[in-house]
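Residue numbers (our numbering), protein chains in the order written: chain A, 103 to 460; chain B, 88 to 284.
Careful, some of the hints might be misleading.
As the list claims (entries may be wrong) - In the PhoX-like style, the derived pairs of lysine-lysine whose C-alpha atoms are separated by at most 20 Å in a straight line are: (1) B:K140 to B:K111; (2) B:K166 to A:K160; (3) A:K146 to B:K154.
What the hints assert, rightly or not - So the derived list for chain B, only partly shown, Cβ under 8 Å to chain A, looks like this: (4) K111; (5) E138; (6) E228.
To be verified - Here are a few chain A residues that face chain B, going by a calculated C-beta distance under 7 Å: (7) A161; (8) A164; (9) L205; (10) N223; (11) R229; (12) S230; (13) T233; (14) R234; (15) Q241; (16) I244; (17) M291; (18) K387.
Read the hints as simulated data drawn from the structure, not as lab findings. By construction, the Cβ of each residue, glycine as well, lies at the ideal position given by its N, Cα and C atoms.
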Amino acid sequence: MSLGLAVCRTPPVPPEAAQADRLEHELWRAGALIFSPVPYADYKKALRRAKDHLIEVKAKFAWFRDYSEVQKEYQDLVGRGESLLQTIRDLKKDRTAALQTELAGIGRRLRDIHRATQSLNEGRLARSSLTRAEVAAAQASISLEKGEYDLASRKIVEAEDFLREGREMILSLLARYFDGAQRKSWTKMTEETIAESRARRSTVLVVIKLERELQVYRSGKRTATYGIGLGRFGLSDKLSSGDEATPEGRYRVVRKLGWSQFYKALLLDYPNAEDRREFTRAKKKGWLPASSSIGGQIEIHGGGTEGVTRGCVAVDDEVMDALFKVTEVGTAVTIVGTMKSEDDILAFFSLDGSGGQK
Amino acid sequence: MKKMMKLMALAAAVALVFSACGSKPTQIIDEAKAQIEALAKDAADKYAPEEFKKLNDNLTAALDEVKGQEGKLFKKFGKSVEILNQVKADAEALKAALPGKIEAAKTAALDLQTAAGTAIKEAEELLKKAPRGKGSKADIEAFKADLKGLNESLPQVQAALDAQDYIGAADQAKAIQEKAMSIVDQINQAIAKVKGK
């Protein structure tokens, strides 16, 4: 009886068949089409073959059906599928980590360049590019969370492009500061001013625009350093009225103003002879309109360093008090761009890729 | 002779029964395939990926079943037809649901586009009201540049919407909105700083 039943009973389809189907779905969901398209296509082909074999066996009369070969084929397939699934998961993990690292790098550089835009008044021009870089990076993060790796990669490239644009804009602002001859001239002016202080045992002021510093020297020795604010285009050398640039050169205090719109002020003898020569030359060459004037009223004044001047040098009111005590009419004031080397400038603004670690 | 005639009639009836039950359901297969192809054209793989994948898998299962029966002496396509009918019904249901899903994605993208625009406007209005003076001039100019960048990003959302990439448009708009809101916060902080002086 039992022998009869055993003979008549239809052998069950190997459970690995359904398992291989489920694995195929899992592979698809895991992103096999993106991460392992060729092995996934191979898996599907092998699954197709196994299904065909299964169909062939199922087509036989029950007592001729032998699933052992097909079962073995499916077992191999399940093994391959599981291994492929693990590979895909590892690949996804690696790709996620790589993209997250890239995004973190973009975030760091964005912060660095952003800091530079805050230090340089002209830096605001770069900020629209930085904002677009931020938007692209944020979109990359959203795509990454959803597992849309290709879109995340594309957005990272977009963010990099905008970041580069912003960085180049900042570097173009600093181009004049990278010029060795210009730096040499600024260094010479500063050294001569300090030498004068030493020789005459006098107080002199040195304003360094890039570092936003005002240094006080007495008898050739630095006695104080203060922070300053500059004009809207403070990094440029003043050429004419209304350019909102801060002049560079050797000046003298011509008046001490105890009452000023901005607390107190030290009026400088801008324009000096050199400034007049430059202005005339620029006008002759047509760089300036015929109606332009050279301007004046350049001061060191109070009101705070956070403001934007129209070419003056601004300090905090208490600094102004201190300067008032140590200066007199005739005190030398030298305004220069910087004395830092190109590498030091880049490091100063964290544009050298050090992330401000130097 | 009579007996012979009876046997022939029986054989003919059996053949008729087998041929009726055993004909490959070609028409229904073609219809199911056409429905799935039409869904693919309507971006079902993008807006209903799971349902679309299930449909494809079920169609494959039905075709496997057909193939299995083709190899048999006594063909029974009943189960294949059953699966195929289910595929067709599911495809029909997805076809009906798909415009709703796409519309929902579009609405979400449009809402986020509006929200992004509103957030930028809010920041711009706030900036107009910010106290002006030497102390805030640099900040105001910096924020203006930030907002310029956001305004320049907005057309990308519209471009994605025009290309019917509603998911991409929504992500882009969300990123813009979040940045605009962060600028609003920064402006408020800057205003508080100036007022606190």
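Exercise. Holds or violated: is the Cβ of E138 of chain B closer than 8 Å to a Cβ in chain A?
Worked result: 13 Å, violated
For this session: Answer holds if the nearest beta-carbon of chain B is closer than 7 Å to that of N223 of chain A; otherwise answer violated.
Result: 6 Å, holds
For this session: Hold the hint about T233 of chain A up to the distance rule: shortest CB distance to chain B must be less than 7 Å.
Result: 3 Å, holds
For this session: With a cut-off of 7 Å on the beta carbons, see whether K387 of chain A makes it to chain B.
Result: 30 Å, violated
Exercise. Minimum Cβ distance from K111 of chain B to chain A below 8 Å?
Worked result: 14 Å, violated
Exercise. Is the hint on I244 of chain A kept, meaning its closest Cβ partner in chain B is under 7 Å away?
Worked result: 5 Å, holds
For this session: Report holds or violated for the interface hint on L205 of chain A, using the least CB-CB distance to chain B and a cut-off of 7 Å.
Result: Violated: closest Cβ of chain B sits about 13 Å from L205 of chain A, beyond 7 Å.
Problem set entry | chain B contact restraint for A164 of chain A - C-beta distance below 7 Å | 12 Å, violated
Exercise. Does the alpha-carbon distance linking K166 of chain B and K160 of chain A stay inside the 20 Å limit?
Worked result: 14 Å, holds
For this session: May I ask you to test the interface hint for R234 of chain A with respect to chain B, counting a Cβ-Cβ separation under 7 Å as satisfied?
Result: Hint on R234 of chain A: holds, closest Cβ of chain B at ~5 Å, below 7 Å.
For this session: For the pair supplied as a hint, K140 of chain B and K111 of chain B, confirm whether the alpha-carbon distance does not exceed 20 Å.
Result: 25 Å, violated
Exercise. Does the interface hint hold: is A161 of chain A within less than 7 Å of chain B, judged Cβ to Cβ?
Worked result: 4 Å, holds
Hints 1, 4, 5, 8, 9, 17 and 18 from the earlier list are contradicted by this structure; the remaining hints agree with it.
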